[in-house]
Structures are given as structure tokens and as C-alpha cells.
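Chemist: What follows is each chain in one-letter form.
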Amino acid sequence: MATLRLNGIHKRYPNGITALHGIDLSVADGELIVVVGPSGCGKSTLLRTVAGLESISDGELMINEQRVNALEPAERDIAMVFQNYALYPHMSVFDNMAYALKNRGTPKDEIRRRVTDTARLLDLAELLDRRPRHLSGGQRQRVAMGRAIVREPQVFLFDEPLSNLDAKLRVQMRLEIRRLQKRLGITSVYVTHDQVEAMTLADRLVVMNGGHVEQCGTPMMLYAQPATRFVASFLGSPAMNFLPVTAHRDGVVLPNGVEVALPDMLSEGRAATLGIRPEHLVEATSMADAAAVLDVTVEMLEPLGADTLAYTRLPGLEEWLVVRLDGAHAAREGQRLSLAFAVAHCHVFDSQGARVPLAEPETQACQ
Amino acid sequence: MAPQLGIVLVFFFWPALQAIEQAFYVEDAFGLSREFAGLANFEAVLSDATYYQALGTTLVFSLAVALGAMSIALLLAVMADRVIRGARVYRTLLVWPYAVAPAVAGVLWLFLFDPTLGLISSLLGNVGIDWDHKLNGAQALALVIMASVWKQMSYNFVFFLAALQALPKSLLEAAAIDRAGPWRRFWTIIFPLLSPTSFFLLVMNSVYAFFETFGTIDTVTSGGPGGATTTLVYKVYQDGFVGQDMGSSAAQSVLLMALVGGLTWFQFRYVERKVQY
Numbered sequence: 003m004a005t006l007r008l009n010g011i012h013k014r015y016p017n018g019i020t021a022l023h024g025i026d027l028s029v030a031d032g033e034l035i036v037v038v039g040p041s042g043c044g045k046s047t048l049l050r051t052v053a054g055l056e057s058i059s060d061g062e063l064m065i066n067e068q069r070v071n072a073l074e075p076a077e078r079d080i081a082m083v084f085q086n087y088a089l090y091p092h093m094s095v096f097d098n099m100a101y102a103l104k105n106r107g108t109p110k111d112e113i114r115r116r117v118t119d120t121a122r123l124l125d126l127a128e129l130l131d132r133r134p135r136h137l138s139g140g141q142r143q144r145v146a147m148g149r150a151i152v153r154e155p156q157v158f159l160f161d162e163p164l165s166n167l168d169a170k171l172r173v174q175m176r177l178e179i180r181r182l183q184k185r186l187g188i189t190s191v192y193v194t195h196d197q198v199e200a201m202t203l204a205d206r207l208v209v210m211n212g213g214h215v216e217q218c219g220t221p222m223m224l225y226a227q228p229a230t231r232f233v234a235s236f237l238g239s240p241a242m243n244f245l246p247v248t249a250h251r252d253g254v255v256l257p258n259g260v261e262v263a264l265p266d267m268l269s270e271g272r273a274a275t276l277g278i279r280p281e282h283l284v285e286a287t288s289m290a291d292a293a294a295v296l297d298v299t300v301e302m303l304e305p306l307g308a309d310t311l312a313y314t315r316l317p318g319l320e321e322w323l324v325v326r327l328d329g330a331h332a333a334r335e336g337q338r339l340s341l342a343f344a345v346a347h348c349h350v351f352d353s354q355g356a357r358v359p360l361a362e363p364e365t366q367a368c369q
Numbered sequence: 002m003a004p005q006l007g008i009v010l011v012f013f014f015w016p017a018l019q020a021i022e023q024a025f026y027v028e029d030a031f032g033l034s035r036e037f038a039g040l041a042n043f044e045a046v047l048s049d050a051t052y053y054q055a056l057g058t059t060l061v062f063s064l065a066v067a068l069g070a071m072s073i074a075l076l077l078a079v080m081a082d083r084v085i086r087g088a089r090v091y092r093t094l095l096v097w098p099y100a101v102a103p104a105v106a107g108v109l110w111l112f113l114f115d116p117t118l119g120l121i122s123s124l125l126g127n128v129g130i131d132w133d134h135k136l137n138g139a140q141a142l143a144l145v146i147m148a149s150v151w152k153q154m155s156y157n158f159v160f161f162l163a164a165l166q167a168l169p170k171s172l173l174e175a176a177a178i179d180r181a182g183p184w185r186r187f188w189t190i191i192f193p194l195l196s197p198t199s200f201f202l203l204v205m206n207s208v209y210a211f212f213e214t215f216g217t218i219d220t221v222t223s224g225g226p227g228g229a230t231t232t233l234v235y236k237v238y239q240d241g242f243v244g245q246d247m248g249s250s251a252a253q254s255v256l257l258m259a260l261v262g263g264l265t266w267f268q269f270r271y272v273e274r275k276v277q278y
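Here the protein sequences line up with chains B and Y, keeping their order.
Quick note, the numbering used here runs 2 ahead of the 1-based positions in the first sequence.
Quick note, the numbering used here runs 1 ahead of the 1-based positions in the second sequence.
Keep in mind the hints are simulated off the structure, nothing from the lab.
There could be a bad hint or two in this list.
Said to hold, decoys possible - With a straight-line cut-off of 27 Å between C-alpha atoms, the simulated BS3-like cross-links for lysine-lysine are:
#1 Lys-275(Y) with Lys-110(B)
#2 Lys-275(Y) with Lys-104(B)
#3 Lys-104(B) with Lys-135(Y)
#4 Lys-275(Y) with Lys-135(Y)
#5 Lys-170(B) with Lys-184(B)
Stated by the list, open to error - Here are the simulated distance ranges between beta carbons:
#6 Trp-184(Y) with Met-64(B): 41 to 49 Å
#7 Phe-212(Y) with Lys-104(B): 41 to 49 Å
#8 Trp-184(Y) with Ser-59(B): 48 to 56 Å
#9 Trp-184(Y) with Val-358(B): 54 to 62 Å
#10 Gln-68(B) with Ala-167(Y): 53 to 61 Å
#11 Lys-104(B) with Val-208(Y): 51 to 59 Å
#12 Gln-174(B) with Gly-262(Y): 17 to 25 Å
#13 Asp-119(B) with Val-101(Y): 38 to 46 Å
#14 Ala-241(B) with Lys-275(Y): 40 to 48 Å
#15 Gly-212(B) with Pro-183(Y): 31 to 39 Å
#16 Val-9(Y) with Asp-125(B): 36 to 44 Å
#17 Pro-91(B) with Gly-244(Y): 50 to 58 Å
None of the values given here were measured: they were computed from a predicted structure.
Note that CB positions come from ideal geometry on N, CA and C, so glycine has one too.
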């Protein structure tokens, strides 16, 4: 059982590019941390420095409070599931899973027992003699998982393990990974660019951007109180609506003059951004204490079944305003709607993109 | 297709058929008349002790050249693959020998090992090795092997390096995480995954050693001393173009074609099974 701690991890390449600007993170025993961000944000580099595949330029990496910066990947007792699975193509499924144990000099009968047990756990028992090229994508993915599990490592690392699967299999494997991780209780770091995967799997979520941690916390906390405009736009699908506003005595004002009543928080006249999630815009008739009412025109509809996404425009504004309507809603393109939203659902970001707290003090939870 | 087939017909099948036809005739020294001889040419060749000597020399020579050229090339490719700074310079330099004509390569080695003028033979003399490949058959064979290996190594190097660079990096990373040290990684992951390339090179190197080393042997030793470096292909040339015995030479080339054909069949039949695709 293990804990993992990153203290100010920097990664600088010889060509001068800095991929990680001081990452602080601590992972509790048995916890599943998901690191999420757009491509190039440094999340894979972070995982590779933890694995020992990339050297650490500065900072400390601790496993069980032991500094492991200088240890080879083999000595860190970690297991990694690669995006392309990295199964050894010339070995059978059994040999793929047994490879690490053989390298460690585990007795033959113990190898057999552990591989067979893991294969049963992952429903691979019938496939042990096959070569990877004779397996389907989902089976390969399970073998890659099995190869990691059979070693009983201190830490599991997942590098976008589901991104090569089709949508249906991805949902299935997502549940499977969650189930196995809870059952085995192994400390895990999971990297993905898929925000649905991130939200559903994580005990805690780390959102990265440009080599920095933007925010860290439980998925619901990040969803409800995004610390930056970047986090707000990254989590949630469809993305949060952002409207340019100017601070005002009793709140903020939209460019078309509509006032939004908010608690006093910015000095008057400053530019800011108001963020509202599509599901938090409701028809004005069904809300009593709205922060503001917006009269919009529906320009496009995307029926998804359970919901319908309405792409609407506010007169005088460039930005789309996306609204999540009930699937049974009888909206038509060209129709006018009156939309309302509550103060509690307003997110205000200053011109640097940082969240402006409206009422409650908020907590950070990376360390 | 047609132009390629035309070229193959004119430059391969036609001469090959001519050689087969010639093998059954005895020709006078001026090429003015010939006489059907049945299998007499083959009988003469197969009862000639020097033919068996050449066969033995060829087998030792080919095995040494193929294994030497492949193992050195693999070693160099593995090392070049690890180089990051100045990688292109190393690679270009390692490929150069392939661009050197066999005769030029031969002369180069001839000078280095010349018993009276040679730099290396003089150094060898200092450590008590009396080098004279003009008198010592084993040394002569070693010299042509070295020259041929040096020449072929670049070709193998290019293929091995390309194959190494095509290996998915994540496989080696996975192996590193799976507690395999560099040595074990090489023998359990890299080497098996290179086997298609190694097999292809084994076939190509055998063919090279059997046929294409003629120029090197001719410039370095001319088959001597005392036939110690006369390989089958060199004997074909000597008996046919120096000795003017076209019938025997043709019979020998037919046997050589059959031998290399058989060897290649054997390689595909038995060695290819070990290849991991």
C-alpha cells in the first residue's frame, strides 16, 4: 500500500522547453487521481516522470515518503498501462503477463498461479495462449490491465488507456477500471483528455493547463466551483457559456444593457466574464428569484433524446448561448425564449481568468 | 510489369539458360566449335579435389562473412540508435563503406595488411604476429573475410538501424517498467522483434558472400595462396575466363545456382519458422 507525493516537480527539456512548472500533488493510499487537460498540457509528461521514463529537472517525487527521483523505472515498483497497450507482440498473453514476474525471479508455480488468478479476474482465462495480434481491441486493453495488476505494484499509472477503444467499449472498460481499482485498492494516477472519463473515475481530479495545475479537488467541487475560466470551460459538455460583462454597483451588466444582480465583489467598471452552464438556464416562468432574465432567439436545435441543446443568441451579443432543454420541449428554430438563472449558478471570472468568489470561501485540495 | 520482366529475361534468364546449355558441351579454346558432352563436365567437376576445397572455403567464408557482417552491424546499429547528439554524422559515416567499390575496398585492405608496406601488418609484427597473407592461407582467408565483412556491414547497418527505430518506444518502456535490465531487454524484446530483418539479411548476406565477393577476392588475393581463398564463384571465373574451360565453368555455375537455391529454400523452410512477425 502506498502514498505518492510530488513536491514542486519541474521538467525542462534540453531545448529550453519547460513542460512542467512545479507540480505539487499528493495521492493518498488507494486513491484514484485523474489528471485531465488538453493535449500538450504536460499531463503525459507528468505521468512519465512519475514512472521514471523522464528525468525530473527539479523537485521531489516520493513514494511512501521515500525519495525516488534517482531510481530506475524498474526500482519504483509501479505498473503502467500505455495508450497503445505496448503488449509484447511476440509473446502469448500468458508470457506478456508473466514477463515482469519472471524478471523478478518469481518461482514458476507462483507465476502460474498469479497469472491464472488475474486472468480469471479479467475474463482472460480462455485467451492465455493467444498472441496479442489475435485479440480484439478490448481484449488487448484487458491484457494490458492484467499485466499491470499481476505485479501487485505500489502505484498504477494509466496513460489514456481507453482512447483507442470505441465509445461503447470505453464506457464498459471505464466501469471495469473503477471496479478493479476499488477492489484492489491500489493507489492510481490516471491521465486522460476525456472529461467524462475524468469526472466519472476520479476520487480527485487534477486539471492541468500549460504545465501548471489549474485546480485540484473532487469532480463535483471542480464542476460547481471552477477556480479558473479554463477549468470552467474544460469540464462539462456542452461547455459553460461565457458572456463579457462589466462590473456594476449591484452586480454586472451585459453589453446589451441587461443587469445581473450579484453580490458586490468587483470594483465598478472592471471587465469580467460571466459563466453560466447550459443546464442552469431555465425558462423564466419557472423561476421566482432569478438573477436576471435574458430574452433570446433560438437559432439551432440539437436533439439528443433525453435533452435538446438549443443554440440561442442574445440580441447585441456575438456569443452563442447554449441551453439544455428537456427532450420533450417543443422549441422551434426562430422561436423566442425568456431564460432565467439563479445567483448560485453564476460564475464570475476576472480579466485574468481567475474566479471571483461570490459568497462562500473556497478550499484548495492539492496537498 | 513488361519492362521489368524484359530486363529480368534478358539479363537473368537468358544468361542462366545459356550457362545451363553450355554445361553440357565441351568447347575448344577459341570458341570456334563445340561438342555435346552429356554429363562429362559435371563428372569432371565433382571428381576434382580442388572443387571440394573451394566448396569448403566457400562455406567457411560465407558463414564467417554473414555472421560477422550481421553481428557487427547489429552492435553498431544498437549503439547508433542510442546516440542523440550528432546521430546523423555517425550514421552517414557508418554507411559510407557501402558506397566504396569492392575493388577499391579490396585495395584499401590490401595496403593496410601488405606484408612489407602495411600499417596493420607492421603493428601485428610488433606484437609478434608474423603477417603474410601472400604465403599463409589462413591469414589470406581471414583478410578477405575482414574486407567482405567491412563492405557488407553498412548494408546490414542501415536495415538494422531502420528496424530498431521502427520498434515502438513504448514496448521498451513497458519492459523497463517490467524490471528488465538493458541486457535482458535486448535479448527478450529487441532481438526477437528484429527477427524479420535478421532473416531477410541472412538471406541477402548469404547471397552476397556466395556471389558478390568476387571483386574483393580478386583484388586482395586472386584466390591464393594455393587456392586458399578460391571460393566457388571465384573458381567459376578462373576456370572459365582464365583457364578457358567454358564447359566446366558453366557446369560449376549451374551447381552454384543449385547450391544457393537450395540454401535459400532451407532458410525459408527452417529458419523462417523462428521469425516473429
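Chemist: List, from low to high, the hint numbers that the structure doesn't satisfy.
Modeler: 3, 4, 6, 8, 10, 11, 12, 13, 14 and 16
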